[in-house]
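Enquirer: Given only the sequences and the hints, what does the whole structure look like? Please build it.
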Amino acid sequence: MLKRFLSIALVFLMGCIDPVDVDLDTQRKHLVVEAYFTNLSKLNYVRLSYSQPHSVPYNSFEEKALVFITSDEGEYYPFKYDKAGYYCQGYGSEQAYGIPGHTYTLNIHVGGKQYISEPVMLLKALPIDSVHFEVDEQTFAFQGDREKQLLPGYQVLVDYKDPGDRKDYMRWSFETEYEINTQPWDFINPMTGYPDPKECCVQCFLSEKLELLKVADDRLTNGQKVRNKEVLFLPFEKYLGVKNKLTVYQHAISADAFNYFRILEQQKNSTGTVFDPPPAEVKGNMKNASDANEQVIGFFDVSGVSEKKVTILRRDINHNFPFFRFPDDCRMMPGATTRPPLNW
Amino acid sequence: MLQRLFLVLLFFVSQQVLAQQASERQYRLSGTVKGAWGERLEGAFLVFSNGKTVLSDKQGKFMVSLPAGTHEVTCQYIGMAPFRESVTLNADKEVEFTLINRNFDLKVVEVTARQVTDQNSTHMGSTFIDQKLMTRMPKLLGEADVLRTVTSLPGVVSAGEGTSGFFVRGGSADQNLVLMDDAPLFNANHLFGFFSVYNPDILKSFVLHRSGISARYGSRISSILDVSLRDGNPDKMQYEIGASPITGKFSMDGPLSEKVTMLAAVRGAYPNYIMKLFPSRNIQNSSGHFYDGNLKLRYKPNENNSLSFSGYYSNDGFKFPNDTTYQWSNTLGSLKWSHLFSNNFTGDVTLIKSIYKNKVEGLSTGEEFELNSGVDLTQAKISFGYFGMAGHQIDFGGESSLYVIDPGDLVPSGTSSLNSRTLQQEKGYEQIVYINDEITLNEKLSLSVGLRFSHFSKLGPATTYVYAEGEPRSEQAIIDTLYFGSGNIVKSYQGLEPRASVKYSLTPSSSIKIGYSRTRQYIQLISNTAAITPVDVWKLSNQHIEPQIADQLSIGYFKADPESMYEYNWEVYYKKLYNQVDYKDGATLLLNPSLESDLLFGDGYAYGSEWMIKKNLGRLRGWVSLTYSRSMRQIKGATEAETINDGDPYPSNYDKPVNLNIFTDYHLWPNWKFSANFNYTTGRPVTLADSWYWYQGQIYANYSGRNQERMPDYHRLDVSLNREPIKKGKVEYSGGISIYNLYGRKNAYSMLYQHHYGEPPSAYKLSIIGAPIPSVNVNVKF
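Heads up: the protein sequence lines correspond to chains A and B, in order. Numbered per UniProt numbering, the first sequence spans residues 1 to 344. Numbered per UniProt numbering, the second sequence spans residues 1 to 782.
Don't read these hints as lab results, they were simulated from the structure. Incorrect hints may have been included.
Stated by the list, open to error - Calculated cross-link-like contacts (lysine-lysine; reagent style DSS-like; alpha-carbon spacing at most 27 Å): (1) B:K576 / B:K615; (2) A:K268 / B:K746; (3) B:K728 / B:K236; (4) A:K268 / B:K319; (5) B:K727 / A:K283; (6) B:K444 / B:K61; (7) B:K427 / B:K357; (8) A:K308 / A:K42; (9) B:K781 / B:K727; (10) A:K214 / B:K319; (11) B:K730 / B:K781; (12) B:K727 / B:K236; (13) A:K214 / A:K113; (14) B:K204 / B:K58; (15) A:K287 / B:K636.
Expert: Right, here's the structure in full:
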């Protein structure tokens, strides 16, 4: 709410943003750890990469690390390298999940160095009572967009009961499967500049994980039935053009994780206005076991998760919006497939 | 023979000595400067034909030693016609000068800017600006502003455009005591800081004290900004209407009866029509306003008594469509009775009230609430001045203040899922006694010594937390809770605040001064942003938050040439600051009952050198001021989480080493004056990123350390063209045009990182004002 005040105040103040040069001599490289461990094995992964100087536009992943999670209760879960920096759990019998009440530690061995997390207890999940929607307009950037644009869409709201006997910290993540219809007959050949209609394909299916840093605490809502907690915004265009199956995951996280994600979110949304707190180092819970001064970026987040699935159909949306334009074979969209997901 | 010779010689020598004595005999000229109304004028400027200058004190009194003979004296005071008289001295003499209000059609060459350097007093580090000069400085959105003018003085830097905060000699914004007719203000902002609470049309003058502070002043450790408003004029009722692009003003002042004068002013801002021009529907449907009003009454039943009341009310608001409204208000009142016990002994009693209220209302579904907070200050002051002892000017007195702070009261309504939460009201008493003596030892040497004693008690009812030893303070580290009943003392602090300054005259027109002061402060603004925003909270010292203390030593060289054509001064200072507040990363400041666990404490130091050259006469007038200064903080807590930058000193948020200000006022044509104001400062320290990384599919900048880099330098040129008042019949018109930021420099307010698809994330600067801003202002007086 304050944010909104600020952004409007800012426009009123005719603010403008311009690029500046920074001194590259002070640039450093640090290990970045993105690690999630929950009671749902499909959500568990570790991703290792390195932070890069501002002159380098590429990602750099760590592919040769030894990664495993241990618990005070004697569990041991190795993670294997997959691709793009991701380390995943093994499948079949090794498939594992955290148990509420157990305390887990992440271990990473890389290049002769050993990184270790602080031990984190897996908390019991809070169930979601209901997921519902409200029409709104918000700024949003699709992948590949240079700038955010104001779009109509659905605010995703959740209701849950906050227990009054403990301090709760929450985080939400999402998985969405959706259908899109494109216009291959309107294809224009980029080489010739002339229309070059394609026969196929109109109907495709996409699946995306939406990780937001949306967190909340119950400082002001302890013991209350929390209603209409806004957790996500989905623009109608693209996501809700035909049909969408949305899974909302509600994570019960630790106080440290709450602070970490909150500060990270603060930085993501910071527009540098008069009213923004100055940016600061975000301290995570990973450290080099033998060199406390080495900065390790990232957090080992252990959480108890509950989930709720909802299906949204275009015809149920009581709002007019333009259909999704993509004048090409729908399979040309990154990640699109013509095979419908299971139980579609 | 020898005896006769000796006698002749003795006679000759004694004659010589007597003759010499007669010609060098010094007499004391003392006197009082009064206005036509009989009021004593503080700060009247007297120039004697031998080049000596002196300012009248707050009782309008002055004293000067002059050689026997006839002296021409010129006495100047803003708004008054210059007064000239010859005084013949052959014994100590007492005089009274009565100045008359300047006739409006009198074409006198007026003193643009009074001499600011008083090389003959022990005062240092204080700057006096009058309303006339201020209104000629280039304006932003058509309104002259005290707080913006303050930031053009040596040793003062601004927090940035869009904020009215200012930082004095390395101190933070809440370390300045900002007064309006003796009443302290807790938020001097209007409309995002583009305007301040001071209506320029009714301003008399202001003084900024920043070193060698007299024991009379205190309660904040960096500076005192003492702003006085005009009294009503005793001659006839006058009206003034003023307009600028977004503000309108009306004021009237004059006599109500033979013994009572009145001044009333109202002002309002209407930014809404500008907001309607924005393409965004959100902004179009938003609204903002401010209005304020002043009332000043003065009753002078007789020569020895006067009673004056100064009241002020302001209201600010901003509303967003279906979302949130913000409102804040200031209510000030001061009632002052001045009494003259005898010609040598005066006294004042002042009762003061200052109420600052803040309200935030949330309107979104599921989150409806009302959040109220505020500060209520009640103060009583008594002060005496005794001038009966030759060579001494003694000020003494005391004050007692009661602070009541409502840190926040959240009341949910409708479908809100918020719990109501009220933070406990804070109460504290501050008691002060002081004595200050300005001693003139001889022509060359004078000193001012003072002692101030302050005592502060935080009172119950209060709930306080005890934190586990050796652990970083946090909500989880609370091991015990203590309750204090109503009226019980939770924690007391007290201490002496010695003040001293010495002046040694090198020549009649130049001197060296040395000053020392210790200041203490028991209230602080808890804000993690540069601006004073509607959600910042004021907080009293308690068992976890110790009072802020500053020790300052300064040395200066002051010179003003006999005709007051030029003035030079050079001052260096070193300041040590104790118990400074900083914030943990991502601190929660609003509605946090264990606020101290999100704060960090440490010390700081600041030093600097300030130069100023000022030209007071001629077609071209103005000043150049240059400052080199540093301001550092050191936060070294017991644990790593309570330490910043490994406990090493780091530049504070207000560290801007080089600060150059040039102000010129040029008499272009008979009725037109051209003014220009140039400002350059080193960029403010910022925390910048050493690399970027991906996290959860988003790009982030990795900030490291605190305040280790700097923003681009700040510079800006403003110009204005002002028309001297035109008189048509009984109506007088004046006005001017200004262009703020003439060459459209996009000065950085802050730096941030942004990522656009397909390119590496890069650093950007945010500028609040990125274009020249022209404005017109018109005032009509009748």
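Enquirer: Now look at each hint and say whether the structure bears it out.
Expert: Hint by hint, here is what the structure shows:
1. B:K576 / B:K615: The given pair, whose Cα atoms are some 33 Å apart, is violated under the 27 Å limit.
2. A:K268 / B:K746: Between A:K268 and B:K746 the Cα gap is close to 23 Å, so the pair holds against 27 Å.
3. B:K728 / B:K236: holds, 18 Å
4. A:K268 / B:K319: Holds, at roughly 25 Å.
5. B:K727 / A:K283: Violated, because 67 Å separates the two Cα atoms, which is more than 27 Å.
6. B:K444 / B:K61: holds, 20 Å
7. B:K427 / B:K357: holds, 16 Å
8. A:K308 / A:K42: Satisfied, since the Cα-Cα distance of roughly 15 Å is no more than 27 Å.
9. B:K781 / B:K727: holds, 9 Å
10. A:K214 / B:K319: Holds, at roughly 26 Å.
11. B:K730 / B:K781: holds, 8 Å
12. B:K727 / B:K236: holds, 17 Å
13. A:K214 / A:K113: violated, 33 Å
14. B:K204 / B:K58: Roughly 14 Å between the alpha carbons, so the hint for B:K204 and B:K58 holds.
15. A:K287 / B:K636: Distance ~21 Å between A:K287 and B:K636 Cα, so the pair holds.
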